[in-house]
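Visitor: So the chains spell out like this:
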Amino acid sequence: MPGFLLSRLFSAFVVVLGVSTLVFALIHLVPGDPVEVMLGESAQPADREALRVALGLDLPIHVQYGHYLNGLLHLDLGTSLHSKRPVVDMLAERIPATVELALASLAIALLIALPLGIIAAVKRDTPWDIGATGFALLGVSIPNFWMGPILILVFALGLGWFPVSGRDAPGSLVLPALTLGTAMAAILSRMIRSTLLEVLGEDFIRTARAKGLRPLQVIVGHGLRNALLPVITLLGLQLGTLLGGAVITETVFSWPGVGMLTIDAIQSRDYPIVQASVLLISLTYVVVNTVTDIVYAWVDPRVRLGDGA
Amino acid sequence: MRFWLPAGVLALWALLAVFGPWLPLTPDQIHLQHILAAPGEGMVLGADDLGRGVWDRLAVGARTSFLVAFWVVILSAGIGALIGTVAGYLGGWWDLITVRVVDIFLAFPGILLAIALAGILGPGIDNVIIALAVVGWVGYARLARAQVLSLKHRDHVQAAIALGAGRARIVLRHLLPLSAAPLIVEATFGIAGTVIAEAGLSFLGLGVQPPEASWGSMIRDGTRYMLVAPHLVLAPGIALMLVVLSVNLLGDRLRDRLDVRTDRSHT
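Same order as they appear, the protein sequences are chains A and B. To convert, note that position 160 of the first sequence is 160 in the working numbering; the numbers rise steadily by one, no gaps. Whatever position you read off the second sequence (first residue = 1), add 309 for the working numbering.
It should be emphasised that the hints constitute simulated quantities derived from the structure, not laboratory data. Just so we're clear, the structure is a prediction, and the values are computed from it rather than from any experiment. Some hints could be false.
Here are some chain B residues the structure puts well away from chain A; computed CB gaps all over 12 Å [what the hints assert, rightly or not]:
| no. | residue |
| --- | --- |
| 1 | F328 |
| 2 | P348 |
| 3 | F414 |
| 4 | L421 |
| 5 | L460 |
| 6 | P486 |
| 7 | P491 |
Computed Cβ-Cβ distance ranges for the label pairs, DEER-style [unchecked claim]:
| no. | chain 1 | residue 1 | chain 2 | residue 2 | range |
| --- | --- | --- | --- | --- | --- |
| 8 | B | V327 | A | K123 | 28 to 36 Å |
| 9 | B | L324 | A | V37 | 33 to 41 Å |
| 10 | B | V353 | A | G56 | 54 to 62 Å |
| 11 | A | S42 | B | V537 | 34 to 42 Å |
| 12 | B | F379 | A | S42 | 34 to 42 Å |
| 13 | A | H82 | B | L332 | 40 to 48 Å |
| 14 | B | D565 | A | D203 | 47 to 55 Å |
| 15 | B | L536 | A | G131 | 27 to 35 Å |
| 16 | B | G317 | A | V287 | 45 to 53 Å |
| 17 | B | A471 | A | F204 | 21 to 29 Å |
| 18 | A | D203 | B | A323 | 47 to 55 Å |
| 19 | B | G317 | A | S194 | 28 to 36 Å |
We treat Cβ as the ideally placed atom computed from N, Cα and C, and that holds for glycine.
Given these sequences and hints, build the entire structure.
Guide: Written out as structure tokens, the structure is:
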């Protein structure tokens, strides 16, 4: 276990450093002069110079990189170009909304995907299975930015059950969470089905049936318990889809989370915010997946003793 | 039926894209008397808030999404397969560095890196293609590397080495063709992902710029008139869904036909 833990932590460190470096490089990809892009062509030379110094763009690139990494270690991600506030503070304000949306979506996804995946696997090749598979296929094929407006059209504008956008009114969480949750449920139900099918073909399931356990006991007690571990790892990987999708979904519903902050910052060319939020979302993803991997290896010795990560 | 219906949808999509410039389409022509007209009221699929025909814009949008999907999949599959194959074959430092770089790219969740890149490179179809290809190549690289690792100790490769074949010849003649099947399946699903991603970027205002049409920007513009003219959101959304659904259906069939086990958990 210590060996596995060390090698896993080392790869996570390399990835974190690489992600930070790529995010640092982003601002240097701005075509032409980033300062000119941010201020417009009509800006005074003095203003340009001031911004260049404020962003540290007048320094040699290795010095800039050093400052950047040093800032990261001290949780200093620079200041917003428009509001002049520390980016870390602006992100911190938005995190609760995004976490709330992510958790609600996850709950909805599991509530739909677990029963759907189990039914599809147990009643394999019946209309139940075809229906569940059809739902999954449809869910993968409908993007968030279309699902969102359709839900708004039906449940907010049409039936008036939920607010159109924002986070203040009661029930405003429902539609964005449904948008993200159903998309994730589509992918998850497919995975639960195939994992459960694999487990249900094992010898111990036949033994459980042979000793006269009720079908429900076999499926839940023996089948699902063994199928859940791989599903949890896949859930970790799906978090990426959730966080990436949240950027678009938050924009659709004007949900004041990190995603909407990112898109607003892109539109107003507030690059320090863009860099910081991309970094925050990606690092969350890395940390969650590293922890999932380690927990998984701790629970299931086959992972750490087998062919490794 | 399960083959011909999706194949027909995709054929129509491709035909509109390729022959669009020669069709009698007027996506920018304004018909003031038809502003926000519903489908059938003088125009096939109605008109948008400026009085432009929804059908004409839908057809032009098909070209946008097809062009982006075509170039992104060609570029990312080509570059990714080459990098992955070379890394897997050469091993050592090359392989180690490739694996690390792939891991780093995969650490950016979903479409996020593409959004940031497209936002920073600026709007336009070229930048959309670049952003999506930069994000897309890693999946193919990982897949190609895994293929080569399992192939390179096979007898026919060892025989080619014994006969004195060069590295380039071994990679191009003996490794790539055998790892083609899973890459083709991956690329098929890649088309679906790219179509959604392009529309997503355009929805956020990071794709093609007005007056050019994309299904994503049509959906975004339509949301403002959803109560009076829901067809502005419905039409491009249904077109998008039909294309993506068709690609996914054909991808599933292709995977079964080529007998490829894929791990789609990461996309």
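Visitor: Now look at each hint and say whether the structure bears it out.
Guide: Checked hints:
Here B/F328 stays apart from chain A, with its beta-carbon at least about 25 Å from theirs, past the 12 Å limit. Every CB of chain A is more than 12 Å from the CB of B/P348 (nearest about 16 Å), matching its label as outside the interface. Remark: the non-interface label on B/F414 conflicts with the geometry, its nearest Cβ contact in chain A lying 8 Å away (cut-off 12 Å). Residue placement check: B/L421 does not keep its beta carbon more than 12 Å from all beta carbons of chain A (closest about 5 Å).
Residue placement check: B/L460 keeps its beta carbon more than 12 Å from all beta carbons of chain A (closest about 18 Å). Distance to chain A confirms B/P486 as a non-interface residue, since its nearest Cβ pair spans about 27 Å, more than 12 Å. For B/P491, the shortest C-beta to C-beta distance to chain A comes to about 17 Å, beyond the 12 Å cut-off, and the non-interface label holds. Taking 28 to 36 Å as the suggested C-beta distance range, the pair B/V327 and A/K123 does not conform, at roughly 44 Å.
For the hinted restraint 33 to 41 Å between B/L324 and A/V37, the CB-CB distance of approximately 39 Å keeps it satisfied. Between B/V353 and A/G56 the Cβ separation comes to about 56 Å, which falls inside the hinted range of 54 to 62 Å. A hinted range of 34 to 42 Å holds for the C-beta pair A/S42 and B/V537, which are about 39 Å apart. A beta carbon spacing of about 39 Å between B/F379 and A/S42 agrees with the range 34 to 42 Å that was offered as a hint.
Hint check: A/H82 to B/L332, Cβ distance near 45 Å, so the stated range 40 to 48 Å holds. Distance hint for B/D565 and A/D203: a CB-CB separation of about 27 Å, inconsistent with the stated range 47 to 55 Å. Taken as a hint, the range 27 to 35 Å holds for the pair B/L536 and A/G131, whose Cβ atoms sit roughly 32 Å apart. At roughly 46 Å, the beta carbons of B/G317 and A/V287 sit within the given window of 45 to 53 Å.
The beta-carbon spacing between B/A471 and A/F204, approximately 47 Å, falls outside the hinted interval of 21 to 29 Å. Roughly 49 Å separates the CB atoms of A/D203 and B/A323, a value that falls within the hinted 47 to 55 Å. Separation of B/G317 from A/S194 is about 29 Å and conforms to the stated range, judged on CB atoms against 28 to 36 Å.
Comparing the model with each numbered hint stated earlier shows that hints 3, 4, 8, 14, 17 do not hold.
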